[in-house]
Structure formats: C-alpha cells, structure tokens
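K.L.:
Using the sequences plus the hints, can you model the full thing?
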Amino acid sequence: MINTAEMFRMFLPHRGDAIVIPGRGGRHWVEITDNEKLDATLGDPAMGGHSGFGLGIALAQPNKKVYLFDSDGDIHMSMGMLTTIAEQAPKNLYHFMLDNEIYATTGGQPVPNAKVVDYAAIAKAAGYPKACSYTELKDLEKDLPDILNSDGPIFVHMKVLPEVQNEAIGTRKPWNPRARTKVITDVRGELTK
Amino acid sequence: MAEQADVLSPETVYQKFKEHGVTHVIWLPDSETNWLHTLLESDPELTMVGVGREGNAAAIASGLYAGGAKPVILIQNTGLMESGDSIRGWLKSLKIPVALIVGYRGYTRHGATKDTAATYTEPFLNAFRIDYYLVESDRDADRISGVFELAEKQMGPAVALIADEFHGFNR
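Residue numbers (my numbering), protein chains in the order written: chain A, 1 to 193; chain B, 1001 to 1171.
One or more of the hints may lead you astray.
Calculated cross-link-like contacts (lysine to aspartate or glutamate; reagent style EDC-like; alpha-carbon spacing at most 16 Å) [said to hold, decoys possible]:
hint, chain 1, residue 1, chain 2, residue 2
1, A, K37, A, D186
2, B, K1095, A, D44
3, B, K1092, A, D44
So, partial list: chain B residues that the calculated Cβ filter (under 8 Å) puts toward chain A [claimed, not checked]:
hint, residue
4, G1052
5, N1056
6, A1059
7, L1064
8, A1066
9, G1089
10, S1093
11, K1095
12, P1097
13, G1111
14, A1112
15, T1116
16, N1126
17, I1130
Ranges between beta-carbon positions, derived for each pair [said to hold, decoys possible]:
hint, chain 1, residue 1, chain 2, residue 2, range
18, B, T1113, A, S150, 15 to 23 Å
19, B, P1044, A, D146, 43 to 51 Å
20, B, P1044, A, G189, 26 to 34 Å
Rather than coming from a laboratory, the hints here were simulated on the basis of the structure.
Cβ coordinates follow ideal geometry from the N, Cα and C atoms, glycine included.
P.N.:
Dropping the structure here:
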C-alpha cells in the first residue's frame, strides 16, 4: 500500500512545469507543491468530475503536461469518462488513480467490489494505449520517469492507504488556502498570459 | 401554395458558435440535433468531445475554460436534468461561463404537453437559477448570442432551449 503524501513527495521532482490536478489528495499536495499557480486544487466540486476536468484542461493546453490524480469513488461515478478520454487520446494527459477501496471522506464505507475491480484492465479495455498498476511506492518510483516520458493518455493505478475522515463536514479544517474560484482564475491566468 | 416552415436551421446555430469563438463542443446526441452534429463535425477548427453521460460535460467544460478554451455544451433536456449536481458543483460554484444548447424534447407551443421531459425542464432551470432563452426558429438567432452574453456576464451557465423537435435539425 502506498502513502499518498509520500507518493506526492516522490513525484514532486518530476513535476516540471506541468499542470497538477491533485483531486482528493489535494490536502497533501498543497503542503508539498512548488508551483501553486499551476495547481488545480479544487477538492471535490461534484463527485466524479476530476477526469473530465483533467481531459478539458489537457485538450485546451496540448503542449502542457497534465498530471491528474483521480480516485476510486470518482472513477466509479464516471467510468464512461475513460472511453471519452481514450477517444480524445490527449498525449499530454497522465491519469493517476488513488485507490483506497473506500469512501474516505464519508467515514470509510466500501466502494463497490473494491477489492476485486481491476481498474488498469478497465482503462485498457476502454482504449487507453497504456495502463499499469502499483501497490508499492518503490516500484512506481522506478518506473515513473519512463511513464512521464511516454505519450499519454496513460492510466496509472495505485493502491493507497485509506485516510478516513469521520468528522461532520462543517467541523473539518479547510485545507485549501485558496477559494476554488481563485484556483480557476489563477490557473487560467497562468495558462493564458 | 404551402407556406415555408418557420424553422431553426443547423447553419444558424453553427454560425453563432463561430461568431462567439467556440473551440470545443461537448455533446451527447439527442433527437433534435443530428444535422447540427454533422455540420459541426465537418469543421476542422472545432473539437467535438463526445460523452456517455451528460453530467460529465460540466467538468470537461470547466477544464477547457481553465485552460483558456471556449467550450459549449450540446445536450438534450433529459441530460440537463441528469447533470444537476455537476452543473451545481462545477459550473455554478466555480463560476464557469458556458452556454448550454439544450434540445427541448417534448416542447409544444400549442396543446397539452405530454412528455414529462418538457414538463420539468423549465422548473429545473428555475430551481437552479439558470437563465435561459427559448429558441424556436431562425428568427430567434439573436437569442443564441444572448445566451453566450448572459454566461459571460453572469460568470456561469446559461441555456438556449431549442424548441424545434420535428423539423429543422431533423429535416
């Protein structure tokens, strides 16, 4: 099992000038990032949308790499997006997936058939040219340079340790120093200047 | 001599897309827009992004806007209602200015409305506080411009309800 914060720290030196969409891992990424202006730290505007947002920004900025960190619950909700991404085939989109097998932000209830689903196989069957799966950080670390030097779209599934949140939403400490609308304004401003 | 039908031609909608600088059309087929799809697909300057579920269109449009592009969403009213939480979370909350061109399935100007897709369309838009114009024929073309302008002014989604189910697009 991979620790999400450790994975982000390992990933950072490979970031370059890419756009990062950290998805539900955003609360770790905001403390690790080296370029906030290109971070789409949106948290969860509406569940299931990270892959669509990642595709959109990748299509709008074909010369910029986009590193998207999606989640299992989101993938379940929008599994059809895999076919849309595969059809559009953006060479600059790297679709990572954090699979903790649960709905962590609602108390840890299981994602349907979580221990059985082969997400990399689903991505491959949907038409991704390349899909792989990792359970150990050291294996991902070894392969990451090759992954990021290949053309996308690539799907990279990771089994990650669950980090359950069980407090009422209103009592949780906000992790994002920027409002979501500010994030959109910052990213768009940086990409269109 | 029969009077020529007062229709909304696909060319009119296409021309409005060009006039407003649309770069990407996110779409799922509906019963009213087949000829428009064909026309749009023939333009190499437009990227067509097909989705399997209309709710995905809102997130894709948000990413396109964040990346500096100009998306439009082309769906049916049934899909609009399916997209409720995505419209709320992505388009409304993030203040994404995007025009939605929505086929108004079941719309009838005269007589009783028998299709619940039509029955609930305008109440849905009102509940989500989304402004909209009804577009019935080429004479309403300026209303399509009005929808693009509304979206920019309000920094959010605005809707053109395309009420031309039985002719025009499906000629």
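K.L.:
It remains to establish, for every hint, whether it holds in the given structure.
P.N.:
Cross-check of the supplied hints:
1. A:K37 with A:D186: The hint holds at about 6 Å.
2. B:K1095 with A:D44: holds, 15 Å
3. B:K1092 with A:D44: Holds, at about 14 Å.
4. G1052: With a minimum Cβ separation of about 3 Å from chain A (threshold 8 Å), the hint on G1052 of chain B holds.
5. N1056: Because about 5 Å separates N1056 of chain B from the closest Cβ in chain A, which is inside the 8 Å limit, the hint holds.
6. A1059: At 3 Å from the nearest chain A Cβ, A1059 of chain B passes the 8 Å test, so the hint holds.
7. L1064: holds, 4 Å
8. A1066: holds, 5 Å
9. G1089: holds, 3 Å
10. S1093: holds, 6 Å
11. K1095: holds, 5 Å
12. P1097: Where the cut-off is 8 Å and the nearest Cβ of chain A is about 11 Å from P1097 of chain B, the hint is violated.
13. G1111: Since the shortest Cβ distance to chain A is 37 Å, the answer is violated.
14. A1112: Violated, because the Cβ-Cβ distance from A1112 of chain B to chain A comes to roughly 35 Å (cut-off 8 Å).
15. T1116: violated, 24 Å
16. N1126: Cβ of N1126 of chain B sits 20 Å from chain A, so the hint is violated.
17. I1130: At about 15 Å, which exceeds the 8 Å cut-off, the nearest Cβ of chain A leaves the hint on I1130 of chain B violated.
18. B:T1113 with A:S150: 15 to 23 Å: The hint (15 to 23 Å, Cβ to Cβ) is violated, given that T1113 of chain B and S150 of chain A are roughly 53 Å apart.
19. B:P1044 with A:D146: 43 to 51 Å: violated, 34 Å
20. B:P1044 with A:G189: 26 to 34 Å: holds, 29 Å
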